[in-house]
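K.L.:
Now for the letters of each chain:
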Amino acid sequence: MDLATLAQGGLLHQATLTHYLFVSAAMFAIGMIGFLTRRNLIIMFLCTELMFQAAGLAFIAFGRHHLNFSGDVFVIFVLTIAAAEAALALALVVYLFRRKETLDASEWAELRG
Amino acid sequence: MLLATLLIPVVAALAVAAAPADQARRIAGAGSLAFFGATLILGAMFDWSRSAEFQMASWFALSAGEGGVTVGLAVDGVSTMLILLTGLLAPLCVFGSFTAVSDRPRTFFAWLIALQAPMAGVFMARDIITFYFCFEFTLIPMFVLIALFGSSNRRAASVKFFLYTFTGSMMTLAGLVYIVWFNATRLAPDGAGAGAWTFAIDTLMRASRSMSGSEQAWVLLAMMAGFAVKTPLFPVHTWLPLAHTEAPTAGSVVLAGVLLKLGTYGLYRFVLPFVPEAVVAWAPLIGVICVIGILYAGLICWVQRDVKKLVAYSSVSHLGFCVLGLFALNAVGSAGSVLYMINHGLSTGALFFCIGMIYERYHTRSMQELGGLAARMPVWAFFMVFFTLSSVGLPGLNGFIGEIMCLMGAFQSGATWGVGGTSGPLGPWFGGVAATGMIVSAIYLLYMVGKVVFGPLKEPHGHGGAHGHGHGHAKDAGAHGALPVDLSKREIAVLTPLAALCLVLGLYPVIALRPLEAPVAANLAAVEAVRSVVAPAEALAGVEAEGAGR
Amino acid sequence: MTEKLAILHPEIALFITTCVVMIVGLSRSVGARRASAWITAAGTLTALGLALRSPEGFGLLPGMLAYAKAMIAGVGFLLLLVMAGAVDRGYEARLLRGETFDPIRATRGEFYAFFLFSLMGVMLCAGADDLIWLFLALELVSLPTYIMVAISSSRLRAQEAAVKYFFLGAMGAATFLYGFALLYGAAGTTSLSGIATTFAASGIGPLAYAGLILSILGVCFKIAAVPMHFYTADVYEGAATPVSAYLAFAPKTAGFLALMLIVSTVGWHDGGLPEPVRVTLWVIAALTMTVGNVLATLQTSVKRILAYSSVAHSGYMLVGLIAGPGDGGVFQNGLAAILFYLLCYGVMNVGAFAALTCIERGQNPDDPNDLETLDDLKGLCATRPLVGWAMVLSVLSLLGMPVLLGFFAKLLLFSSGIAAGEIVLVVVLGLNSAIAAFYYLRIISSAMFETPDARRDGGRLTPMRGRVLACVVSGAAVLVLPLLFGPLQRASSRAVSTGQSAAIGERPGGTQAASPEAGR
Amino acid sequence: MDAIATILPTFLAAEPAGAHAPGAQVGSGPPWAILIPLLPLLASALCGVCAMLRVKSKAPAFIVVAMLGASFLATAAVWLQGGGPGPMAGASVAHGWDWIQFAWGDGPGQALIANFSLYLDSLTLLWMLFVTGLATLIALYASEYMSHDVGQGYNRFFAYFALFVFAMSCLVMGDNLLMLFLGWEGVGLCSYLLIGYFYKKPSAVAAAKKAFIVNRIGDLGLVLGVFTTFVTFGTIEYAPLFEMVGAGVDGSGHALHGSWQATWIPIFFMIGAFGKSAQLPLYVWLPDAMEGPTPVSALIHAATMVTAGVYLIARMYPIFLLDDAHTALTIVAWTGALTALLAATIGMAQFDIKRIMAYSTVSQLGYMFAGLGVLTTTGAAFHVFTHAFFKATLFLCCGAVMHGFAGQLDLRKLSGVAFMKGWGVVGVAMLVGCLNLAGFPFTAGYFSKDMILAETFVTPGSVIGGASMVGWILLLTAGLTAYYTFRVFFRVFVGPQMYEPGEEHGHAPHRHDHGPGHPPGHGEHDLADARDQAQKDEPGGAHPHGHDFHPHAPGLAINAVLAILAVASVLAALTYFIHKPDHGWVGAMVHHSTAHFGGLDAHHGDEAAHASHGSFLGLDPHKAMYYVSAVIGMVGIFVAWLLHYRGRTGAAVAPADRLLGALGPIPRWAQQKWFVDELYDFVIVKPLWALSNVFHVIDKLIVDGLVNLAGLTPRGLGAGLRPSQNGLLHSYAAGMAGGIVFILLVVWAVS
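Here the protein sequences line up with chains G, H, B and C, keeping their order. Under our numbering, residues 1 to 113 are what the first sequence spells out, in order. Under our numbering, residues 1 to 550 are what the second sequence spells out, in order. Under our numbering, residues 1 to 520 are what the third sequence spells out, in order. Under our numbering, residues 1 to 751 are what the fourth sequence spells out, in order.
Zero decoy hints are in this set.
Derived lysine-lysine pairs resembling DSS-like cross-links, with alpha carbons at most 25 Å apart:
(1) K309(H) x K686(C)
(2) K413(C) x K201(C)
(3) K700(C) x K309(H)
(4) K201(C) x K458(H)
Rough simulated footprint, nothing fancy, chain C against chain G, three-plus residues with beta-carbon under 8 Å:
(5) 26-36
(6) 100-111
If you're looking for bench data, these hints aren't it; they were derived computationally from the structure. Just so it is clear, CB atoms sit at the ideal spot from N, CA and C, and this is done for glycine as well.
Pulled out of the complex, with its shape left as it was, chain G reads as follows:
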């Protein structure tokens, strides 16, 4: 399977639920791995967004599979929440940066035990 075939779009038509789910799972995993490995707060937040959207993708795929709109509706709400989270996260990050002049998450490890 080369890129050319992909580009033709034929495959998309043949893409089954499993494929979407695979992509979704991969997105989730990538998000998770990124979250675990990166130290930059903004990147980490983006990774969580990726995980959210992985779920969103799965919703859409399932919605299509089940032929109802519940999944689509869900995705809209997920996006909304994600936006809210983003607003919150960015505000928080700015605030944190002003306190410590760094975005490294591992700098915040005073509380432990």
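Based on the hints, put chains H, B and C in the right spot on chain G.
P.N.:
Same frame as chain G, now just chains H, B and C:
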């Protein structure tokens, strides 16, 4: 009446806590006397001719209807006796601690009095909730008494006491709840309480007997976990010596006098009638444990250097007799066991008083530092020897009756070769081997008396002889808290009732024995039914009919 | 339509209050801003009143609304007493002096608004019958709390707590969101009752199990259960104590309501939960109580101890979840046990945390230190008897001491666990209670037995009497509420028994018929 | 008194429904018989009151003498009323009050009943007569003897003394085994208290403890016997018990002959008897018991308490006879003989005259047991009876010497005492006692010992294994007894007059004791100082005589009592000649009680009877023994005369010393009591002590260690888990992710 008896100590404790510190002793004294009076009235109101029946029952619904918890109080002969013991010890403890506690008297006396309520409550409880409440709630006052007013290692001792007994009783709770659940759901539809969640002991007692053998065994194990620790039985006894050595005198007295009896009372009231099948099956093992405990703890007593620790270990040994009698599963053993509870409360409680009086004067309990105190304190010596002898089980004093009946019960149990034998799981070997405990107890107690009471006078430095002058010592003692060299009138007044009761129960035990016949027989009915191998079907039918009759 | 709206009355009340508070909070007038606390209180109480009159809802556990919402509003009110006026006083003072302005650090009005939003979220969880609703409700609970933690104090550790809480929270949310996606995929509907019907009709496939387990694990973050518990101690310690108290109650309640709903979709049929779900919950429960307790034994900070104990308590409650509603009888109804436990836990938890906030220490009255370590507690009963004893009572209740409220809560868990045949788990629960006794005793010992360190600042009673009030009320409640055990327990039992005909379906032996006025 | 006699029992004895109704042949005794034990108890209580009031006079002594005398009179009255002065017609039970009553059914053996009731028959009264009689006399003696202790010590002494008589009466008169046990332990207690009377002396305290504990070992046997009896017969009351035993059946009517109970019940009782009566291997406490005041030694450790074992066996004789193989009786016979011999050999080598008397008591008790073993309860009881008088005399004489010579008891430091001024009565009484003990012809001791000796040869070996061997051992012992008895007499009472006072000389004149006779503080101070002074001045305590010390000749009370007792010892011989068919008055008393052994004829049936009758070297043992034992006794006396009197010029040296070299280490070993105490210490006490220590360590390390370990486990786990809470965001996230994976794996693995 019962509720009033329970409330008196609570109210008194609150009054003590609220009163000015210099009034604490007086109020506590009055409160404890009121409590004692209430128990006496209770004893007088109790119809001793129907001692097997639970009388003066009062049920209070915390809320009515399904899921509501109804708590019940009632007493039978056995409970009444133990409540009387509790009532008697309460004022003695309070008056016995008048001079011992100088720091924070309000706290001390408030908790001491408050402790009486749950203890009496355990003996009155006719439902598991009340029982367990009271059983557990004794922990806190005792914990406070040890942790605040104990000696040097008090914190560790109090925590160990609390955690050890608490852990055990969590298991007991699980076992009890299992029975409750069994009654509500698993019992045959025509059974006592199928579908209804009740905590009433009577109902549950009938229900739990229909559990299968293995279920009963597990429930037995769960119950033993709590009760055996509380008793304490070998090998779960190690909290007791520590707790006793660290506890203040009144704490030790209550601990030995009543608190340990909660465990044996639990065994008597719950284990025997609740899970008879398992009891019959496992009694030999428990009997062996008791016998080991009697000898093991007895021998350990011998090598103790701390008088209080010695008496504490002797409690372990003595309560081995008590439990052995109980698990003889016959009337003599059970009655002996109940008597043993009372007698041990009197004599060991009194011994702790005696030791406390010494500690108050010399601030040591080490046998290496004390000796021959009879020369210094003849009155004290008299009481000490007297209670030691009661503890040794000298006939004519109270200890004897309980001990001999426990041993006899164990001996008879299963001795079907004779007309005087009863069916039962133990047998002559148990009685015989346990009887060697009599020798051991004589060894260690006389050893203690020989060291501390008799022999050449030995006092710790800074006391008595070291000063050279008797009068000088008296002044010295005065500085330590207005105590005379020998016992004060107050102290004599504390010990005398105990001594008198020891004598009365020793010379005229019939007053306690007759009322025990019926309740003990009733308590053993379930075990008897299980054990009548001759006609098992009939017996079981009888139990079921009894259950169905409900 | 209006009838349907009735189930949302408490939330609506809260929402209106929120709007008012936000607006009032922006006022230039200090007096008006101060009034926001009173307005919040009034709103909460109104919600409480409305919650008590909630009609039956719909979905899997429709009877739960009244009980759950009343509980949330009631405990919320206590929490409000602790929080009122408490937030970042140092910053507030500087702000009033015109020394600073920081947009993200809200002033009081906003803080109360967040509090109300979050409380609203918890209430919404109770009424959820749709994954979307549930998701939104859960997020509504959480998002404001992130900010509450961040703005609760100007100290660095509050920010650290916020960052940990937010990021790990986001990860948790992603987890259950993904689980929801799988659930939707397996059942074809986002309606919880729909999912339940599908499962009942066509069985539960691997996809569904994966979805369920991921959802459960995700929600475990809210209840601070293993393995999602890591944040707990750090966040509770870092946040200002009143906010910690809130965190120990609100997200936990929301999480348990959500878990009850999610797990209800598969139902507790004859043999209990389906094996994979049971195993999941079993392992989580056992691990949670044990890990929480053993970690708590080593702590010296009371806040951390309470945090870990909060973890452990979640573990206890999970036993009820595994047990399920049984045949509806009050003592074997695990769900009712959870509801009851949540109420009890809320009260005793407020008592313990509030006691910590009652004494202020430190030089700067605008930014005082709360009581924090065991050493700080020394002699509390002697120096501040009211606070000290309330603390001791609350802690004893947390310990599960009979006569106090905590015991009854634990008793119900015991009985429901045993009724469900989870004897081993109950034994683990019992042993854990004993382990817990160890560290609770340390708190009690400190408060009751130790003498205060002479060199230490004895502290002063907080000027905010609401905290003392909350502390004393909670202390009294653990003593008095046992008298109401029956009604409370019946109410909690009715709350979950109504819906079981729908959710749990065909059970032999019959159910306790739901009375028409259930939920009253 | 009459009023009390009528009111008290009625008050106490409200007979309950269903209480024991005495058996058919056993009538109701006079209810006032209960006064016999209660009067001493009252006396004891009154002495206690004296102690409380800190009385400092001889009032307690008067009270006790009066009460004990009254008790003696009451005993005599019961006896006379029951048909005295001969034996009583039958047994009767005098109900005091209900003591232990516990029923668990209506059937036979389903009630444990032990009332505070008295069983009155000849055997009981025989014992009670000499117990109360002797007790009265010895109390009188003690009133003077203890006079240096007037005050708290005096009060205490008489309280214990009277309490002892109470306990002894319970033991003897109780109508059931538990009441016997009450007395049994009670006398043990009083013995403990009185041995430890000089409680500041560590040796006295140790001796008291030893006595109690060794006795407890015996008590264990008794308790087992009681239990087995109850289980077998369903009762422990004598009346129904003896009825069943007489019929040879147990409680359910099965024949008992040949059953294990018939063997073991006697063995259990026998063990109890061994403890109380100081028989092998439990005799070790009795010599040490001499730490007590001498009147105590005389009454308790010679005349009365130590005969309780004999009483027990005699009382339970029907049960002993149930065993056809006579296992227990054979052991009793052999143990008695060996004890007699062993104690005699030790007694020969002692220097402390009181200890010699103690060993002679052990030895004479051995005779009594041998007598019981060879089926002559009469002989045993007769020996108990005569022994009570002459041994009390001997002890009281020793006591007088001790009293007069400041505690001196070493026979090497006293000589010619009988001829000193004022010591005549003591000398004569001592001579009477010694002649009795030595079995000099026509003394009481001679007749009673003869009866046992003869019976050992009469009883065939087929019935009691090795009975004649027992006899030979006892004959040998008789010679040894005569020797060591007169060794004392010849060394101490006759010969050149010389003395060294004991250690108690030099301070607080004639004070034996440092009892708490003074209010604490005051007197203690003086006393302690005096003792210190004494230790400084007089190290070692052995000083030449004449050092301003004058022997303190006995006063009126002591002399009177000694005279009475000496006369009684002589007169006791006369009882042998009344009721001759029953072998004397004592025999008659025994024969008319359950202890009666009907003779081999009755017991074994006619066919075995005469065929198996034994002989002594072909002669009739009864006749032969009159001569043989007389000769042996005289030989012993003669040897003593040779070795300890003839040509002796000083107190310390005697002709016997010349023999010592020839005997090698044996005398030294004998003096060291054959190292039995050391053996016990090594074999029993030390290992037990070690075991206790091991248990203690186990308890600390293992039993408690496991608990502590369990307690530490959560904290250990916590410490192990703590690194997971390292404060790092991504590590928490990793933990969460790992946890999710873990749970999924678990679920996958399980399902």
